[in-house]
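K.L.:
Sequence:
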Amino acid sequence: MKGSIRYIGVLDHSGKQHIVEFYDGVNVITGRSSTGKSAIIEIFDYCFGKDENTIPHGVITDNAELYFCVMSVNDNYIVLARKANAKTAFIRDESSLPDLSKLTIEYFTDDYFLPLETFRKSLNNHFNLKITDTDEDTEARNYRKNKAKAPCASVRHFVSFMLQHQNLIANKHALFYRFDEKEKREQTIEQFKIFLGFVDQEYYLKKQELADENRNLRNLNLKREVLDKNRQDIKSSLVSLLNQYEYIAGSKFIISDADQIINDPTNSLEKIKSFVIAIEDNTETFSQQYKEYADEYERLDSEIHEKWLEKEQLHSSIEAGKKYNTALNSIKEYESANLYVSECPFCKKKNDNITNEVNTLQSAINWLNDELLKTPVLTNGFLVKAKKLESEINELKRNQRTVLALRTEMENATKQIKERKSRFEQAIGVKVRIETLIQDKLIGNTSELLEQIQLCEDKIRQLNNFLKNTYDIDRKIKSAEECINENMNAIGKNLDFEQTYQPVNLKFSLNSFDLYFDVNGKPVYLRSVGSGANWLACHISLFTALIKYFCQQGNSCLIPPILFLDQPSQVYFPTSIDISEVFDAKELKKNEGKENEADADMKSVTNLYQQLVDFCSQTAEETNIKPQIIITDHADKLKLRDCDFDEDLVRNRRWRNQGEGFIKEPTMI
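All residue numbers for the sequence shown refer to our numbering, where the first residue is 4 and numbers rise by one.
It should be emphasised that the hints constitute simulated quantities derived from the structure, not laboratory data. Note that the structure is a prediction, hence the values are computed from the model and not measured. Any given hint could be a false lead.
Restricting the straight-line Cα-Cα distance to at most 30 Å, the calculated cross-link-like pairs of lysine-lysine (DSSO-like) are [unchecked claim]:
#1 Lys124 / Lys105
#2 Lys462 / Lys209
#3 Lys642 / Lys133
#4 Lys5 / Lys629
#5 Lys185 / Lys133
#6 Lys325 / Lys314
#7 Lys434 / Lys390
#8 Lys481 / Lys5
#9 Lys19 / Lys105
#10 Lys226 / Lys53
#11 Lys400 / Lys255
#12 Lys510 / Lys606
#13 Lys642 / Lys629
#14 Lys238 / Lys276
#15 Lys471 / Lys434
#16 Lys642 / Lys606
#17 Lys434 / Lys226
#18 Lys133 / Lys481
#19 Lys400 / Lys390
#20 Lys148 / Lys90
#21 Lys479 / Lys496
#22 Lys152 / Lys105
#23 Lys314 / Lys276
#24 Lys226 / Lys209
#25 Lys642 / Lys496
#26 Lys525 / Lys481
Hey, can you work out the whole structure from these sequences and the hints?
P.N.:
Put into structure tokens, the structure is as follows:
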């Protein structure tokens, strides 16, 4: 996008204009302290829709009736204005640059003042920000107040890339304006792909659809997991029915393997339906099967009893161990025994007999300490084993209940025969139950669910392919990072970095918006870097790199290539003591007690300005879009290459003489 600021101005209470005009490229406002330089950046921010009026209190706020800004946006112009502490804002389109004589109090009629929220929406439209729903998952709304949508992409996030205030331009702890507020930081990072033109409204709608399908697939898979867990119960039922059929009919069922039925229920059902029942003599088979169930039941009962006894013994050991541990803990732990050699008070002969006693005592101490250490470990081991036994007992009981159920079914079959119900009728009943189980529990549930899962997976695959083929965000973000890093190091190599960080290898992450030096493959973040000159150079490198990338994207990028730099030379020349009518570098350094550094610092400041001028010219040549950099500073009378500081950069924006400033003293009320 092509965009720049043409005028920033104030109408005072008498209706008089106070206007600063700007052009493409580097614009410098220079002057002594307290002339209103830093107010320029705040007036623009306020006119651009900021909630709070943070224009510095003083001459300007005392005299201002209305603040205004005229911007060019591509081939059109917009006029923005605010009254002091107002909750409304003025916005008006112009097909050509308004004549200054036209910008009177009569021009700013009430018809064009809008509530602040409406004003921002209108401003969004001027910058082609028309995406109204930025949720990638509508489920997120359930966790917001009143289930609101995510905030719309807003031009208010543009200012994080456009404004470098005095307290930010050389800050090692912060890079971006407004990032001290977590919510605004996250929104700016998230919406950056919108500002670069990587995505549109359809992207978010497709992401929402994808999130819904993924959620639906998770739910379907959970249902399948439930069915899979039930398959064991179904298998147990099938095994039971197949066994029933065998001892009723005297022969095996047409499909005697339960797993085969479960794995291929449809074909199995077809075979079973055509199966003709034949009854054979099964007295011996029945008796043998019944005996096997009885023996298995008794075996399981015996094993359960053994494990139960083992568990009870473990519990007794655990209780004893706890009591023993309590008793040991009540004993004071000794690390050593002091050895004193005794001697005869008369002849002074030493007695070494006590050494053996001490050695014995030391051994006892070591044993005691070992016991204190081992007891908790042993107790914990018992607890783990007891837990395992408990699980084994429960599993044996489940198996015992299954065997009991099978034996009971055989007894019921015998009872039904006694009640004159034929074996043939019972076999038919078992066959019908098998068919019903397959139809209801396997085919009815599983086939429909698998079909739903397949449809859902196909839809997810289609959506992912569409998003990748149409947007391919990961590739675009990676490409953008590479381009920004290349831009950053191209200008960084010519800035005033200390030797430690040369050759300059800066990296910027579009996922976290962190800036760091790549030093031998390890990240060194700005907060770990010393020297104000390094911090300033990092800020300049990053923001010019971003501005150039915006220009490289042409009309697809929505952020105008505008950058405010408020007092970048403060790293070298403190601003609080500049009150003279002439900028004198040596005098300023003398006041610091660093007069011998004046020439070197002036060289660094001059180089900074030269690099910014070159940056704007080179970017214009490469992209056909010339960035606009507005610098408010104390530095003055710099000798630049192929550029006249006064004529090309300052252009009558020097406020050093008495009475000069944004609002000149003779007009004060």
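K.L.:
Next step is simple, just say for each hint if it's right about the structure.
P.N.:
Each hint tested on the structure:
For the given pair, Lys124 sits about 26 Å from Lys105 by alpha-carbon distance, which is consistent with the 30 Å threshold. Restraint check: the Cα-Cα separation between Lys462 and Lys209 comes to about 11 Å, which is no more than 30 Å; the hinted pair holds. The hinted pair formed by Lys642 and Lys133 fails the criterion: a straight-line CA distance of about 46 Å is larger than 30 Å. Simply put, Lys5 and Lys629 have alpha-carbon atoms about 8 Å apart, close enough for the 30 Å limit, and the pair holds.
Proposed proximity of Lys185 and Lys133 is supported: the alpha carbons are some 24 Å apart, at most 30 Å. Between Lys325 and Lys314, the direct Cα distance comes to roughly 16 Å. Compliance with the 30 Å bound is thereby established for this hinted pair. For a cut-off of 30 Å, the pair hint linking Lys434 to Lys390 is broken: about 42 Å separates their Cα positions. For the proposed pair Lys481 and Lys5, the alpha carbon gap of about 24 Å is at most 30 Å, so the pair holds.
For the suggested pair Lys19 and Lys105, the alpha carbons sit about 12 Å apart, so the restraint of at most 30 Å is met. Distance hint between Lys226 and Lys53 is unfulfilled; the C-alpha atoms sit about 51 Å from each other, more than 30 Å. Of the supplied pair hints, the one linking Lys400 and Lys255 holds, its CA atoms being roughly 28 Å apart against a limit of 30 Å. Of the supplied pair hints, the one linking Lys510 and Lys606 holds, its CA atoms being roughly 27 Å apart against a limit of 30 Å.
Between Lys642 and Lys629, the direct Cα distance comes to roughly 22 Å. Compliance with the 30 Å bound is thereby established for this hinted pair. At most 30 Å may separate the alpha-carbon atoms for a hinted pair to count; Lys238 and Lys276 meet this at roughly 19 Å. Between Lys471 and Lys434 the alpha-carbon distance is near 53 Å, which puts this suggested pair outside the 30 Å criterion. Proximity of Lys642 to Lys606 is assessed by CA-CA distance (about 10 Å); at most 30 Å being required, the pair is judged to hold.
Proposed proximity of Lys434 and Lys226 is supported: the alpha carbons are some 28 Å apart, at most 30 Å. Between the alpha carbons of Lys133 and Lys481 the distance comes to roughly 25 Å, so the proposed pair stays at or under 30 Å and holds. Note on Lys400 and Lys390: the hinted pairing holds, with a Cα-Cα distance of about 16 Å set against a maximum of 30 Å. Of the pairs offered as hints, the one joining Lys148 and Lys90 holds, with about 24 Å between alpha carbons and a cut-off of 30 Å not exceeded.
Annotation: proposed proximity of Lys479 to Lys496 holds, straight-line Cα distance about 26 Å (limit 30 Å). Between Lys152 and Lys105 the alpha-carbon distance is near 41 Å, which puts this suggested pair outside the 30 Å criterion. As the CA atoms of Lys314 and Lys276 are separated by approximately 50 Å, the hinted pair breaks the 30 Å bound. Only pairs whose Cα atoms come within 30 Å are accepted, and Lys226 paired with Lys209 is accepted, the gap being roughly 26 Å.
Between the alpha carbons of Lys642 and Lys496 the distance comes to roughly 21 Å, so the proposed pair stays at or under 30 Å and holds. The suggested pairing of Lys525 with Lys481 holds, with an alpha-carbon distance near 19 Å, which does not exceed 30 Å.
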